[in-house]
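Student: Spelled out, the chains give:
There are 2 protein chains.
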Amino acid sequence: MLLDDRDLQFLLYEFLDTEALLERERYAEHDRAVFDATLGTARQVASEFFAPHNHKGDSNEPTFDGERVHLIAETRYAWNAFADAGFLAAQHDFADGGLQLPEVLLRACMAYFNAANIATTAYPFLSIGAANLIKSFACPSLREAFLPAMFSGRFSGTMALTEPGQGSALGDLRTRAVLHEDGDYRLSGQKMFISGGDHEMTENIVHLVLARIEGAPAGVKGISLFVVPKFLLDAESGIGKRNDVALAGLIHKMGYRNTTSTVLSFGERGGAVAYLVGEPHKGLGYMFQMMNEARIGVGLGAASLACQSYQHALAYARERPQGRHASARDPSTRQVAIIEHADVRRMLLMQKAYAQGSLALCLYASSLVEDAHTLDSSEAREDAAQLLDLLTPMVKTWPSRYGLLACDLGIQILGGSGYTREYPLEQLYRDNRLNPIHEGTEGIQGLDLLGRKLGSKGGKGYALFLQQVELTLEQASGNELRQPLSEALATLKEVTDSLQRQVEQDPDHGLSNATVYLDLFGRVLVGWIWLRQALVATQALNAGASGDEADFYHGKVHTARYYMDWELAPLAGAARLLCAGNSANIDMHNRWF
Amino acid sequence: MLLDDRDLQFLLYEFLDTEALLERERYAEHDRAVFDATLGTARQVASEFFAPHNHKGDSNEPTFDGERVHLIAETRYAWNAFADAGFLAAQHDFADGGLQLPEVLLRACMAYFNAANIATTAYPFLSIGAANLIKSFACPSLREAFLPAMFSGRFSGTMALTEPGQGSALGDLRTRAVLHEDGDYRLSGQKMFISGGDHEMTENIVHLVLARIEGAPAGVKGISLFVVPKFLLDAESGIGKRNDVALAGLIHKMGYRNTTSTVLSFGERGGAVAYLVGEPHKGLGYMFQMMNEARIGVGLGAASLACQSYQHALAYARERPQGRHASARDPSTRQVAIIEHADVRRMLLMQKAYAQGSLALCLYASSLVEDAHTLDSSEAREDAAQLLDLLTPMVKTWPSRYGLLACDLGIQILGGSGYTREYPLEQLYRDNRLNPIHEGTEGIQGLDLLGRKLGSKGGKGYALFLQQVELTLEQASGNELRQPLSEALATLKEVTDSLQRQVEQDPDHGLSNATVYLDLFGRVLVGWIWLRQALVATQALNAGASGDEADFYHGKVHTARYYMDWELAPLAGAARLLCAGNSANIDMHNRWF
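Residue numbers (my numbering), protein chains in the order written: chain A, 45 to 637; chain B, 45 to 637.
Here chain A stands alone, though its shape is the one from the complex:
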């Protein structure tokens, strides 16, 4: 099973009210059956075309013979099946050739693909992001030239930001673009870690490249965005001659192996033809407008892998006999399944809390994306955008950290078998290890949260978050899970106030524990997500759910209880250190290490 289908239904239709989207004008032509059929298609295509080669792609990673990149053939079949099912354009309007489907539903679909094979899914994931950038910011002629082919799957796309000389410090990038007399640009420089940067699955690859136009200001304010296709288009929009983009080499990764990770050289033969997207020097701004969605995508990938790990570990724990309870050591009695052991149950409970908590968080964030686009009032849309903006650092990092931990626990539950490549657990860990790194490391996200997001627009997003949590706490009146979250919220407020004062006084010191603060905020946020799930489940139980349904809801309530007990427990210690401005890290001199 790729995902727990019952849980996905719960998250979409009970935890979130996805059906209510049908009342919005954009979705007036859809109905619940369309939503469910879309999910069904995703599950089927993922099961049939993605899952079967997940292990094979890991063991047979892409190779480069100096001329061409070789991928296992199943990758292309999967790409085609994804495209044929319409997912490359599904979020776009009917008028643009899309299916006009809501963000939150499509994210749920992506969860199936991620769970099945995240390395192969990276190709469409990146292509969708690249097409989005063109759609949102490029001129009509660029849109017409590239989007239909990207929507149909003839062309794929990449995002080319990172360079060998700078990783997270985008402001220092050195790829240069020079205006040519033909009105376009000639681009030269090297990009690194470009996923999907070369292959022969599609007729063309459309690179979205950040570069600095000759004479542009230094830093982030001098960066522009370009479309640089692998092949130029001829006069009839067909494939023309090769552009000056060359694969310098493949990078060999710990996981995500079936995704090519490339070093690309632009302009080694005079300059790659590059088409400016939007206005000069605004490239980073465009990129950041898409960033929230890309970061939810990373969180969702981590959540999906965690869910897969949980599914496998749970199935194994239920069928593997080993040992006996402490109170029943008689060796002549039958062994119990390892799920009967308290420590295995503890690990499964942690996995469930992390995996399902992550998935719920990412779908909730996707519903905010949806709201920011399709709510009626502009004020409500702006509120959703502000709240999303604040929460994005946690949506990206919490699943990446705790989803990875869920994968680690999956290995541990299987013991020696979990450590072997004969079982899928270790690959899930290796694949997931990328997620705390790409699209902004944990350290970057912490700085973004504490140094930027908290105070942006007068702290509007933060105020909205507090309101939302307080609303839930009111609804939870009388519920035993209310108190721990209420205390955690008070702790978060106290720490936030203190750190904001510290940052004002001395930004270097004040921001020095931003990653710890990010973790603390994430724990409270996911505590809220779990309380909301528990409230819905409790309501269903009170309404008389029985049998498997009752088990499902009890599982939700009990996992929330575990979360409140154990995952909020470390807050007090961290809060004390943060409020005291503990400076152990910055006090440690370089030469003392």
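Note that these hints are calculated values from the structure, not bench results.
It cannot be assumed that every hint is accurate.
[Said to hold, decoys possible] Calculated lysine to aspartate or glutamate pairs in the EDC-like style (CA-CA distance at most 16 Å, straight line): (1) B:K265 with A:D374; (2) A:K265 with B:D374; (3) B:K179 with B:D140; (4) A:K326 with A:D427; (5) A:K504 with A:D541; (6) B:K265 with B:E337.
[What the hints assert, rightly or not] According to the in silico footprint, chain A covers these stretches of chain B (three or more CB under 8 Å from chain A): (7) 191-201; (8) 310-324.
For each residue, glycine too, the CB sits at the ideal point set by N, CA and C.
Assemble chain B onto chain A, guided by the hints.
Tutor: Chain B only, in chain A's frame:
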């Protein structure tokens, strides 16, 4: 650099008083120069014969063509170099062909080999353990037949405990031994995850196998230990005919790839000739007498990999320029090395605390092994043995958990590069992921600590531990690090008392959070280890250390400060839950997952 040589000198000669061993009778013929030369040899052999093929062995794991196992040739050269340097027998007396060197010194030597290439080091590590078992418990004829060849490296050894049908539950093993008319046994059954179980590096492989003699009692009380060589010996102790032991297949692991992990079939052609070690039905007891040392070995392996990861990450962080301080965002200024970023420094500090704390802990435990063997008074030897017995679960698991975390942090510090196989960090993580699993998982160690070790011999080991920590706290009078450890010790006592009562009342419930307790105990234990290091360092600083020496000691003191602040902070939350007998895990029904 394999290890920080200065740190190793500090741990052996300042933190521990290894030089004082020269006063013991067994080491009367040695001097400090011999100790240092031994360390130098280990460093040199590890650098020359082990480190260079660490990556190659990972990328070219052993293969089995149905007849023979193929390993890269460097593995055999490394084995030979290790044997030629005398390390296979170094711990044994001169009279037995050994070098009569102390345990703690040889463990430090093993740290070099582990850091260089833990997968290749597994072969001698296991062989030393197997030879130890024969030496300690086998009859003279078995000792004479096998030990000289094992000490010289002509034969290697394995430990064959696990079976496909039972992992941690040794009492349920099913390999059978039948007494043959020739006075020896015929053994049949299957063993799994047997490291070094087949290869052609040595003339013979001596398997130490746990099996049940026909008619033996069920459970742990009916297990016997056998020597089962791959080749029988002929009348002149030369290699005779093949024994009935067959390689059923190789297992493919996440890391440790150059160590063959095997499934071995015994007795498919009528029964493998097996020689009983010691008395019937006492096999598990013999195994457990060696277990403390094997478990320190696992902890030390984890510590060594953590130290390697720290070395690499530190070097990278010092030379990789990227970004600027929050207070100096002017893009025209030079980028700083990433060690200047607070979050990178935080991660390096955690790495240092985990890596050096683990190494110190394992060497301290090795000094207890030494004391248990060579202290003058039998009472003092017994005390050392009791203390070691108590601490072994933490010595095995704390480095395995936190050393692994150090490897994870190493990846994160390098970012995208850390995730690639072009850098050594990701392999270090994959190699280290085994250590929380083998030689008793974390869950098993927690049960061992709380269910067995704490109360054994009337709680003697625990009382000794408290005494030792209180002694250090007295010595730390006036030191600002005293207070946090003192509070942590009080917490540990309170939790221990509470849990012991809970176990007495209801073992299943009382033991249900044993793994959490193990972690809590481990944190306090390593806090003590760090305080002791800080006291030594403070003394050296007060005595006027300057320059690089002062930097080194400041690093120790400051890392201890970090540890007290941050690593003891979560204790209170966990203690509250443990004392309350929190039962979130066992209350979660199987069908609720």
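Student: It remains to establish, for every hint, whether it holds in the given structure.
Tutor: Hint-by-hint comparison with the structure:
no., hint, in the structure
1, B:K265 with A:D374, "holds (11 Å)"
2, A:K265 with B:D374, "holds (11 Å)"
3, B:K179 with B:D140, "holds (10 Å)"
4, A:K326 with A:D427, "violated (25 Å)"
5, A:K504 with A:D541, "holds (15 Å)"
6, B:K265 with B:E337, "violated (22 Å)"
7, 191-201, "violated (count 0)"
8, 310-324, "violated (count 0)"
When each numbered hint is compared with the structure, violations occur for hints 4, 6, 7, 8.
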